[in-house]
Amino acid sequence: MKKIFFIFLFFVISFKNAYSLIKVDITRGNLDPLPIAISPLHVDSKSEKLSLFDTDKLGEEISKVIEQNFRSTGLFNPLKKDSFVQKPDIAHLKPRFEDWRLIKAQALITGKVLIKNKKLKVEFRLWDTIASKEMIALSFTTTPPNWRRVAHIISDKVYERLTGESGYFDTRIIYVSETGPKDRRIKKLGLMDQDGYNVKYLTLGNELVLTPRFNPANQLITYMSYFKNMPRVYLLDIETGIQEVVGSFPGMTFAPRFSPDGKKIIMSFAKDGNSDIYTMDLKTRIVEKITNHPSIDTSPSYSPDGKFICFNSDRSGIQQIYVMRSDGTQVKRITFGTGLYGTPVWSPRGDLIAFTKVRKGRFYIGVMRTDGTGERLLTENFYQEAPSWSPNGRVLVFYRETKSGTKGEGFSAKLWSIDITGYNERQIKTETDASDPSWSSLLSK
Amino acid sequence: MRFNKALRSLFIVLFSTLIISACSTAKKAADPLKNDVYTGTETVEYLANGVPDRVFFATNKFNLTTAARDTLRKQATWLRKNKKITVTIEGHADERGTREYNLALGERRANSAKDYLMTYGVSGKRLSVISYGKERPVNPASSPLAWSQNRRSVTVKAN
Amino acid sequence: MSRSLFFSFFLHAFFICLTALTLPFMLRNPIDLPPIVSVEFIEIRDETNIPYAPKARKIIEKVKKEKERVVSEQAPPADIAKEKPDRISMPEDKKEKQELKKKKQNPEEIKPQIRQVSEFEKKELFDPNQIAALIDKAKEEQAETQRKNEKLTQSNVKNSFAKGLSLSEEDALRAQIFGCWSVPLGLPFDEELLVRIKLKLKPDGTILKSEILDHARMNTPGQSFYRVLAESALRAIRICQPLKVPPTGYERWKNLQLNFDPTEMLKG
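Just so you know, the protein sequences line up as chains A, B and C, in that order. Start counting the first sequence at 1; every next residue gets the next number (my numbering). Start counting the second sequence at 1001; every next residue gets the next number (my numbering). Start counting the third sequence at 2001; every next residue gets the next number (my numbering).
Just so you know, the hints here were simulated from the structure itself, not pulled from any lab data. Even for Gly, the Cβ is constructed at its ideal location relative to N, Cα and C. Don't take every hint at face value.
Taking lysine-lysine and the BS3-like style, the derived pairs with C-alpha atoms no more than 30 Å apart in a straight line are [to be verified]:
1. Lys2254(C) - Lys57(A)
2. Lys1061(B) - Lys228(A)
3. Lys2198(C) - Lys104(A)
4. Lys2202(C) - Lys23(A)
5. Lys1084(B) - Lys407(A)
6. Lys2254(C) - Lys188(A)
7. Lys23(A) - Lys3(A)
8. Lys23(A) - Lys2244(C)
9. Lys2254(C) - Lys133(A)
10. Lys94(A) - Lys2254(C)
11. Lys81(A) - Lys23(A)
12. Lys188(A) - Lys1157(B)
13. Lys2254(C) - Lys104(A)
Chain C is faced by these chain A residues, among others (derived, beta-carbon under 10 Å) [claimed, not checked]:
14. Leu34
15. Ile115
16. Thr163
17. Gly422
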């Protein structure tokens, strides 16, 4: 009796069951660095020899630059070259994906280098080893000394293809190079590739230079100098080396930046104990006063669309961050936390403002939304300040100083970078002490 | 006998009271900061006999203390006597702030001193102002004492 | 009289001075407080709250245990689709445990159900009313679930996917893909980030065919992040082969749709 009953039930129910499509929601993945294989580029045997460097090693050197770029992001895991089975020339023509999958590579970069007629031609391919297909195939022609830039451009293209974000490798950083005792520092403007190579000094160190910033067009720099003991904002053309003072202000001008279209300089002007924010049009030389308040107003920074300015003011009694329209109207305070806030800098993506915060004797670098909410402190230290954004709005470069003893011994200033997630904090190597870093936009657009 | 005992206790009490007060005075002498403003004489130079060249400030502040006003009055007197001298007033800040704000703060401090000198009859034309922010500390150490010595406005002979 | 007064005065003065001016040795050292460690209390529940009748729960729990054993052994069934539901033999207690360990789409697995019922019988008088109650219209859902749990594992699978029970095959599959899916960083926070991939699977869990349902979006200008996201999802699935599918019930899960959505991850 029971048996029949259950058999009956079973039939009923099993026919009732529709074989519907099963759907499973995958809402979590991992943030492990993506394993990527960067094969040394194959150097075409027809290549001319150069006196500059060993052309045979060029393919390997290019891959090393790419590898270092990816390693520094914390998002990729470049695999060790000694595990690579395929030779560079064959890999570039037709990779055996099983070989690369064996070492767990999910992406593969291969390429070819040819030097002909004193020109450098580099070809590269990005492969998806899991799907067994080609993702990018591009080639570049340039002069041989520019080989590092080719490696950086390749890195940018691959980074963009694999993350959906534009890269930041073909960029430069301008900073202040420091030497000497703490109470008599010698400061020069230094310019280098974002990976620390190709360092160039733009001033001699005879006068104090501070806070250099890039123009979006990249060949102009603005900074503050104590030339002839008159602290003023200057412009410097990297290509020609020509410097000129900005405007003729009867007092100290400082904290300069460019507007996003590169046409104006925005800065502070201090007179009779009061600092206000001014702009000057580089072509017409017309000066406009933007803030009008007895408080200290400084560190202005434009939003990427040029419509807003965030700045530092102590009008509430203590340093806080404010946002206003670019004509100076609708000033709104956005920071209300304990401690003081300084050096606000608008992200090139427009979504965040980075800042320095000082609280209970500790210095923090943080980011917040442009309305002041969502404050996130990324790193804490005895002393650090002045974050500057990478052009893709994902990485911040800033500087840190150490404590010094009674005679100033033990003092050092170094550049550091950190991802906006708070991860991957690392020091940027500079040959001297360094401070006041500023990141350029992508050199190739 | 009872008198001796009493005398002994008296001495113990007096002695300990003196010791206590001595201890407390010793502590005070070691601390040259008053309300976060440096009150000592290390690092101070003199424009002339009895005329200190600098005044000190509290953290993030630019207002003048009584001691500062006293110093500036002496400077004003000296400047009125030596009418040919022009000076530059340098404003400085300690390293515990952001660089750009410190430039503005130094300028404010220098102007505080300049304004005060002007109220005591020194012509503004003889007083120029420059801020060094935190760039030129007088004491390179990283300590509250060093920082208090660096928060200063210094009057420097210009000619 | 005056002497004691004298004494008293000085003793009082002494103590007043002592309390007014602190002696160095009397200063207490600041207490070194350990840093505050925040502890989050997370409630761990190993079952979702399914409103089964109490007796049904017992049965279900028992079957769950058997089922888990079967699922965790993971090897694909030797032969497929030979359901002979009419072959219901009376259980033999010895054989049962062995048979359960075998991963076969064997109608013998009806045995557990019968076994339960016999235990049921032992403990309580078999009451046809109870069964009736279980399949009562009002509690039809519960009954169906119970029945399914007691039957072949394939129906267990279907049931778990349909109901989303915790600690089910669905979670096992999700956990497997979690390990394989490298979420690309740099995805915009404010865009729709759902990638639906339809899969045709082989019985061993490998992929026969895959299809991205929102294919057109991959090539839309301004949505380049979508292509990156979709590719990362495909890569994850391919790397994860063979997928953690149940050893039985191929017909039920051979068509699978995976919905990748990293929005939750990005927010956190």
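Against the structure, the hints come out as follows:
no.: 1; hint: Lys2254(C) - Lys57(A); in the structure: violated, 52 Å
no.: 2; hint: Lys1061(B) - Lys228(A); in the structure: holds, 29 Å
no.: 3; hint: Lys2198(C) - Lys104(A); in the structure: holds, 25 Å
no.: 4; hint: Lys2202(C) - Lys23(A); in the structure: holds, 17 Å
no.: 5; hint: Lys1084(B) - Lys407(A); in the structure: violated, 38 Å
no.: 6; hint: Lys2254(C) - Lys188(A); in the structure: violated, 68 Å
no.: 7; hint: Lys23(A) - Lys3(A); in the structure: violated, 35 Å
no.: 8; hint: Lys23(A) - Lys2244(C); in the structure: holds, 14 Å
no.: 9; hint: Lys2254(C) - Lys133(A); in the structure: holds, 26 Å
no.: 10; hint: Lys94(A) - Lys2254(C); in the structure: violated, 34 Å
no.: 11; hint: Lys81(A) - Lys23(A); in the structure: violated, 41 Å
no.: 12; hint: Lys188(A) - Lys1157(B); in the structure: holds, 28 Å
no.: 13; hint: Lys2254(C) - Lys104(A); in the structure: holds, 28 Å
no.: 14; hint: Leu34; in the structure: holds, 5 Å
no.: 15; hint: Ile115; in the structure: violated, 33 Å
no.: 16; hint: Thr163; in the structure: holds, 4 Å
no.: 17; hint: Gly422; in the structure: violated, 13 Å
Hint check: violations occur at hints 1, 5, 6, 7, 10, 11, 15 and 17; the rest are consistent with the structure.
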